Amino acid sequence: MRGKWPVLVLFLPPALLLFTVFVILPMGEAAWYSFYNWNGYGLPSQWIGFKNYELIFRNGAFRNALVNNGLIIFISICVQVPLALWLATMVSRSIKGALAFRLLFFLPYVLADVAAGMIWRFVYDGEFGLVAGIWHFFGAAPPFWLADKQVAFYAVLGVIVWKYFGFHMMLFIAGLQAIDKSVLEAADIDGATGWQKFYRVTLPLLGSTVRLSVFFAVVGSLQLFDMIMPLTGGGPSNATQTLVTFLYSFGVMRMQVGFGSAVGVVLFIICVTLAFSYKRIFMRND
Amino acid sequence: MNHGFARPWRDTLLLAVSAVTLFSGVTAAYAQSTIKWLHLEANADRLKTWQDIAAAYEAEHPDVKIEFQFLENEAFKAKLPTLLQSNDAPSMFYTWGGGVLKAQTETGALRDVTAAMDADGGAWRATFSQAAVDGLSIDGKVWAAPYQWGQVSFFYNKALFEQAGVDATTIKTWDDFLGAVETIKAAGIVPIAGGGGEKWPIHFYWSYLAMRELGKDGFEAAKNGDGFTGEGFVRASQKLIDLGALSPFQEGYLGATWPDAQAVFADGRAAMILGFQNTATVQNQTNAATDGKGLTTDQIGRFLFPLIDGAPGVATDEFGGLNGWVVTANAPPETEDFLKYLLDQDNALLQVKQNGILSTTLGAESAVEDPYMQQIVTEMAQATWHQNFLDQDLGPNVGRVVNDMSVELVSGEISPEDALQQIEDAFSLEM
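Going down the list, the protein sequences come from chains X and F.
Just so we're aligned: 1459 in this note's numbering is position 205 of the first sequence, and the numbers increase by one with no gaps anywhere.
Just so we're aligned: 375 in this note's numbering is position 162 of the second sequence, and the numbers increase by one with no gaps anywhere.
Derived by calculation from the structure, the hints in this document are not laboratory data.
On a predicted model such as this, the values are computed, not experimentally measured, just so you know.
Worth double-checking, as some hints may not be accurate.
Straight-line C-alpha distance at most 30 Å; calculated BS3-like pairs for lysine-lysine [stated by the list, open to error]:
| # | chain 1 | residue 1 | chain 2 | residue 2 |
| --- | --- | --- | --- | --- |
| 1 | F | Lys261 | F | Lys566 |
| 2 | X | Lys1451 | X | Lys1350 |
| 3 | F | Lys429 | F | Lys354 |
| 4 | F | Lys292 | F | Lys249 |
| 5 | X | Lys1305 | F | Lys292 |
| 6 | F | Lys261 | F | Lys292 |
| 7 | F | Lys315 | F | Lys354 |
| 8 | F | Lys553 | F | Lys315 |
| 9 | F | Lys436 | X | Lys1305 |
| 10 | F | Lys290 | F | Lys553 |
| 11 | X | Lys1451 | X | Lys1533 |
| 12 | F | Lys315 | X | Lys1305 |
| 13 | F | Lys290 | X | Lys1305 |
| 14 | F | Lys398 | X | Lys1403 |
| 15 | F | Lys429 | F | Lys315 |
| 16 | F | Lys290 | X | Lys1403 |
| 17 | F | Lys436 | F | Lys290 |
| 18 | F | Lys506 | F | Lys398 |
Over 12 Å on every C-beta distance to chain X, these chain F residues come out as not near it, computed from the model [what the hints assert, rightly or not]:
| # | residue |
| --- | --- |
| 19 | Thr262 |
| 20 | Leu284 |
| 21 | Arg338 |
| 22 | Ser342 |
| 23 | Leu373 |
| 24 | Gly392 |
| 25 | Val394 |
| 26 | Thr470 |
| 27 | Asp511 |
| 28 | Gly523 |
| 29 | Glu592 |
| 30 | Ala594 |
Note that the Cβ used here is the ideal one computed from N, Cα and C, for glycine as well.
Sequences are here, hints too, so could you generate the full structure?
Below, the structure written as structure tokens:
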């Protein structure tokens, strides 16, 4: 105990100060601004109580954003993570070309989000894009997916899976490499089939990595912004808004800083609730 | 509102130019006052003209240094509120006027140029078109030095019109227009190039329709408190729905940007576009077309936004932009003097000739060469009402809602009443 005090006195205050100034204060400020009708100029003066929150929940675009974020989380967990796991088991074997495949699969993740968004905007373009080219090849009139309210978000989901599965794959590869080979050999000797080995040995041993991967998927989904902006900008008709693009287009771009702050607070509450309850329930032992 | 038609190489050039300016700034460190000029001009030619003018001014005034600061259009809008309140505020910056300018004036971060305008018996004021000065004045104070303006009207592809058998000179009313759209579509031609992805190009339609339905008095009354839910607005909104029901735009227009829409028109893939004053200029056509050529001026025709039978709006009521330069509260006193220099007749002529703008400085119109731009200059001189872009005029929040609702209406997603209620909701928060 005696040895701890000098360390606390020396190292805690700077960290505490930085944390307070750059994390706690801005958060408190956002919460405070959210009760004002304020355009960002001067100091907020027009107190409107919970009006901003009321407006948020009345806003159709916000409901779209909420549903979209839910869908992204769903697709991440049900498509992206399993896909990544499957590919990881393939490329973690010592077969020829495994390394090349690993690099190839990881490549989209290395790409900047903004660049990925722009690339896929061109791919999906109904006049000159790759998709249009394929349709033309088969003699059909090309679709305009990003301009179609019903389809646009599914097109975006495709890009999200493409962009981030590589990251989860890398997590799984690392996890797989940490598994003791002798356990699998023992299973072999016991006569386990490939599926049994995966389901009864690999997967349980990979448990903490899977839980971590899902955690990243959930938190990442809630933060999705920089790929959507160049891809669709949240359109058409707000069909592809996420919570953060909603915050940006309705708070920052409209100079409704009070309203934007309220969106930020709602987003913060959603994130914190999800993250903490997930950690409590699923990652207790990790 | 994006008037720049930059291509990637232009951006590179711009970066290079900015870097050079930065270094030239270092060498001029002995200067006593620094005018920080914040702009959003992505067009390298226009920037070059400004830099030349600034250099000439610096040569005449060795104690003044002019420093260029660039922000991209959307970044400019997002960053300006914070920038204005910081110690690093620019000395002068670009404005679109309207509600955004009004919000800025209320912060005390700006310095009005009324005194400078009225000095020497109003000598500076007299050099501008009166309507332009009025457009940038709020409650009797002039808040920006007028720089350029423009007018939105229809441009059409003469060959495609002929192919469809439509005579553009007969399009006078909205019904004529809808008839023309149907005929063109029946001939297998895309009638209109539209940029629904950026939304504001569609707000041109809603704004013009509302202006034609209500006339100047009705529209002003709405802005001054009557609100936007009246019958005239319902009729205007319904007319936009009627247009959308004909599917007049190119495939995928809801995801198309303004440059996309301009390319559609310049490539001859659509018969019409509702565009800025410079749509038909050689420079704009070459920039917009995918083949780098575009339509020639004589392949393009122009007509005014149609009137509505029995409604008070007249053909001389026009809709378009009005831009100026704002001076900030702590700007060096030389800033106004530099603005006088930048906007005087010689330099205005230079900008008209080199950059194809429509200057608000009197006398500069003589240098306009493009025939359609000349037409517009003449029309603007005779205008009975110049309405600034609504997404600027109504302020950033209501303006964006108008843009959103215009797209929702034209794509048939919303009823006029619901759309107008949303505009009204946003409007009531501004009051």
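Here is how each hint holds up against the structure:
no.: 1; hint: Lys261/F - Lys566/F; verdict: holds (13 Å)
no.: 2; hint: Lys1451/X - Lys1350/X; verdict: holds (22 Å)
no.: 3; hint: Lys429/F - Lys354/F; verdict: holds (22 Å)
no.: 4; hint: Lys292/F - Lys249/F; verdict: holds (16 Å)
no.: 5; hint: Lys1305/X - Lys292/F; verdict: holds (26 Å)
no.: 6; hint: Lys261/F - Lys292/F; verdict: holds (24 Å)
no.: 7; hint: Lys315/F - Lys354/F; verdict: holds (11 Å)
no.: 8; hint: Lys553/F - Lys315/F; verdict: holds (23 Å)
no.: 9; hint: Lys436/F - Lys1305/X; verdict: holds (23 Å)
no.: 10; hint: Lys290/F - Lys553/F; verdict: holds (25 Å)
no.: 11; hint: Lys1451/X - Lys1533/X; verdict: holds (28 Å)
no.: 12; hint: Lys315/F - Lys1305/X; verdict: holds (24 Å)
no.: 13; hint: Lys290/F - Lys1305/X; verdict: holds (25 Å)
no.: 14; hint: Lys398/F - Lys1403/X; verdict: holds (23 Å)
no.: 15; hint: Lys429/F - Lys315/F; verdict: holds (21 Å)
no.: 16; hint: Lys290/F - Lys1403/X; verdict: holds (28 Å)
no.: 17; hint: Lys436/F - Lys290/F; verdict: holds (23 Å)
no.: 18; hint: Lys506/F - Lys398/F; verdict: holds (25 Å)
no.: 19; hint: Thr262; verdict: holds (30 Å)
no.: 20; hint: Leu284; verdict: holds (14 Å)
no.: 21; hint: Arg338; verdict: holds (27 Å)
no.: 22; hint: Ser342; verdict: holds (29 Å)
no.: 23; hint: Leu373; verdict: holds (18 Å)
no.: 24; hint: Gly392; verdict: holds (27 Å)
no.: 25; hint: Val394; verdict: holds (20 Å)
no.: 26; hint: Thr470; verdict: violated (9 Å)
no.: 27; hint: Asp511; verdict: holds (27 Å)
no.: 28; hint: Gly523; verdict: holds (32 Å)
no.: 29; hint: Glu592; verdict: holds (33 Å)
no.: 30; hint: Ala594; verdict: holds (34 Å)
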